[in-house]
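Visitor: Protein chains in written order, with this note's numbering: chain A, 4 to 271; chain B, 4 to 271; chain C, 4 to 271.
No wet-lab data here; the hints were simulated from the structure.
We treat Cβ as the ideally placed atom computed from N, Cα and C, and that holds for glycine.
A few of these clues could be false.
Some residues of chain B that are not near chain A, with every Cβ distance over 10 angstroms (derived) [as the list claims (entries may be wrong)]:
(1) Arg-29
(2) Val-45
(3) Met-67
(4) Val-154
(5) Asn-212
(6) Gly-254
Selected chain A positions facing chain B (in silico; Cβ < 7 angstroms) [what the hints assert, rightly or not]:
(7) Tyr-123
(8) Gly-254
(9) Ser-255
(10) Asp-256
(11) Pro-265
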Amino acid sequence: NMNESPVLDTQRIAGNPTAVPPPIDRDSPTTVSVEMTTHEQVAEVEPGVTYTYMSFDGRIPGPMIRARVGDHVEMTVTNDESNSMPHNIDLHAVRGPGGGAEASMVAPGETKTFTFKATYPGLFTYHCAVPNLDYHISSGMFGAILIEPEVGLPAVDHEFYLGQHELYTTGDAGEEGHHDFDFEAMKDEEPTYVLINGEKYAIGPNGHNEMQIETGESARVYYVSGGPNLSSSLHPIGSVWDEVHPQGGIGSDVHRNIQTTPVPRGRR
Amino acid sequence: NMNESPVLDTQRIAGNPTAVPPPIDRDSPTTVSVEMTTHEQVAEVEPGVTYTYMSFDGRIPGPMIRARVGDHVEMTVTNDESNSMPHNIDLHAVRGPGGGAEASMVAPGETKTFTFKATYPGLFTYHCAVPNLDYHISSGMFGAILIEPEVGLPAVDHEFYLGQHELYTTGDAGEEGHHDFDFEAMKDEEPTYVLINGEKYAIGPNGHNEMQIETGESARVYYVSGGPNLSSSLHPIGSVWDEVHPQGGIGSDVHRNIQTTPVPRGRR
Amino acid sequence: NMNESPVLDTQRIAGNPTAVPPPIDRDSPTTVSVEMTTHEQVAEVEPGVTYTYMSFDGRIPGPMIRARVGDHVEMTVTNDESNSMPHNIDLHAVRGPGGGAEASMVAPGETKTFTFKATYPGLFTYHCAVPNLDYHISSGMFGAILIEPEVGLPAVDHEFYLGQHELYTTGDAGEEGHHDFDFEAMKDEEPTYVLINGEKYAIGPNGHNEMQIETGESARVYYVSGGPNLSSSLHPIGSVWDEVHPQGGIGSDVHRNIQTTPVPRGRR
Ligand SMILES: [Cu+2]
Ligand SMILES: [Cu+2]
Ligand SMILES: [Cu+2]
Ligand SMILES: [Cu+2]
Ligand SMILES: [Cu+2]
Ligand SMILES: [Cu+2]
Ligand code: NA
Ligand code: NA
Ligand code: NA
Ligand code: NA
Ligand code: NA
Ligand code: NA
Ligand SMILES: [Zn+2]
Ligand SMILES: [Zn+2]
Ligand SMILES: [Zn+2]
Ligand SMILES: [Zn+2]
Ligand SMILES: [Zn+2]
Ligand SMILES: [Zn+2]
Ligand SMILES: [Zn+2]
Ligand SMILES: [Zn+2]
Ligand SMILES: [Zn+2]
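Model the full assembly from the supplied sequences, consistent with the hints where possible.
Guide: Pasting the structure below:
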């Protein structure tokens, strides 16, 4: 049972919200190479509460991928040899069987590479899609891939990257000690935690505190909802969204001056 | 009590996803005649699990209706004489009292006809709207009506028709035997089954397996969410929706390259 | 404990759906002054069932505010001296700390004024945003502010104003007597009542019955979803929405002929 992991590594799993690849400034397509390693690791949900997360590259959400329409993306997935389960990656920027899930299925210690062409713009989810994928996503295996249109995106002063998902454990929120995954709670849609970037205090003074801008600056937020069950109603306190790409679609109209935008969970 | 129906008829109630009326190829309006019979019938939710469904024409979702802006639709509803309850039809393509519900209220053995003019384009829900309508909808009485704009819809290689709804029963999912409707579970929004086309295995190798297209072909999905309680977050695995008409509205912009689109339940 | 309020005042708290400020007919900006008093008052949810509501100006939703892009809004909030708690106002039409919450925090008996400039059009939520804001919103402290674009809104024959929110009490729906607030039920998202304009029978023959229009007339509905937890799927029975401003955004496209539109809860 992987929840009884012998190594208690309480390193932070929360992704840094400023870890966004730079805007694309190319006039022609290229090949973008992405390497990710899947991990199963114990980390703290909040001080004193541990869980055996699964992740892409040891952070939640997994690394943000950025490419351009017309690019080829060469995706390499390694399943860390210390892991106990198979993993793979399903990217919603991929048109093909399981969004790449079949081509990237890796056993512990194994590595696989596949290439896809980005044919449509948008901000899309990626996630592990093995059987029992809900368990893997709820444990942290999701992230976002941005496919910029050929003309690029309007310049902004800051870009941030956030991922919401929910954790279902056998314990109660705040209960000290190690929590195991609770399949029954997931089925009943009764999460123990609903988290941004995988930890209770991921963003702010007790976590990553870099999400700061000056008055008059602009910022773009890349927001991915991993689920597995909940959708999100996203509102910036003390402001509105100047422009929203509904459901991450970049190829069509923006909605302007939106106080709260619904973000459906990434899959289903 | 209709749940104690003496006739155990385990015929399939799942609608065929390819049962879509042909695209409209007319330059002028006409009168479209639609006849439906309401049924109360025992069928299997999954092997060994039965339920006394209610339906339009014995299938879930009910037959898809297709007309054009400017058409007159002559709607005839017959309540099968073997039934135990009144039924009617409320079409969201109708602007008028109860969307036609008042004009079509029929007792068992009765037939009624009413005519309406389609004045706006879109994909709309229809459903039974007698008192206790939640019970009737949850038992299967919903479907879709498509009103094409005068210019028609872009041609596609395939069209499919799917309906989501949830069933609330006194049993647990998978529990063998006959299940009765559970009003308390409906009020608590704790469905026993969330179904596509009315059965657990409606679509696929153990059900209707016609939902197949070739690489390079295009397909349009008409998706109706009967509810009565749940909304849907609809994502095509291994792809995105090239074009979405948000909430079925055809008279305004499409959203492009959408991985997951929210489909609110059809009524409320 | 404020739920044990000694004064049992069973006055109606339901706001009149026709209480909409007149359309703006100005070519230049002005200063709009708004005064509101916060109240804590016992009223009936339905006959025989009382609750200690909190409100802006003694009604739910709070008074609708109407201004134009470019206007300055001078907002004065008084906390009635008979109250037991601090209150404030967070308006989603305000770009600034807490949407005005910090500037308007008032203790019982206190008054504060602040001014903001309306810089973007739309229909926005306002709400109390003190700590434990969910409790205050669920008790009735929410409303809407409309910022018209400079060109105004198309003329209509009628305008209506409705607010949805949910109440979490220690009793069951319909249970006679005084109900206290139930924090556990709110956390579990199991409301006792989901209400339009704050009462079970707010609109209709047993409440405000003014929401009537003639065949052929047009009407615009300003719909605010206070939450604190539930989103809404809004459908006009026997009709569709000719034009919807998705999520209240007026600065971008309308969606046309929409049977059901999702309204996310106003905050979070
Ligand atoms: Cu996995
Ligand atoms: Cu997926
Ligand atoms: Cu019926
Ligand atoms: Cu209806
Ligand atoms: Cu308050
Ligand atoms: Cu707010
Ligand atoms: Na990497
Ligand atoms: Na738990
Ligand atoms: Na028929
Ligand atoms: Na059940
Ligand atoms: Na006032
Ligand atoms: Na209760
Ligand atoms: Zn994985
Ligand atoms: Zn940091
Ligand atoms: Zn800066
Ligand atoms: Zn749009
Ligand atoms: Zn078939
Ligand atoms: Zn084909
Ligand atoms: Zn307040
Ligand atoms: Zn009245
Ligand atoms: Zn009138």
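Visitor: Check each numbered hint against the structure and report the violated ones by number, ascending.
Guide: none
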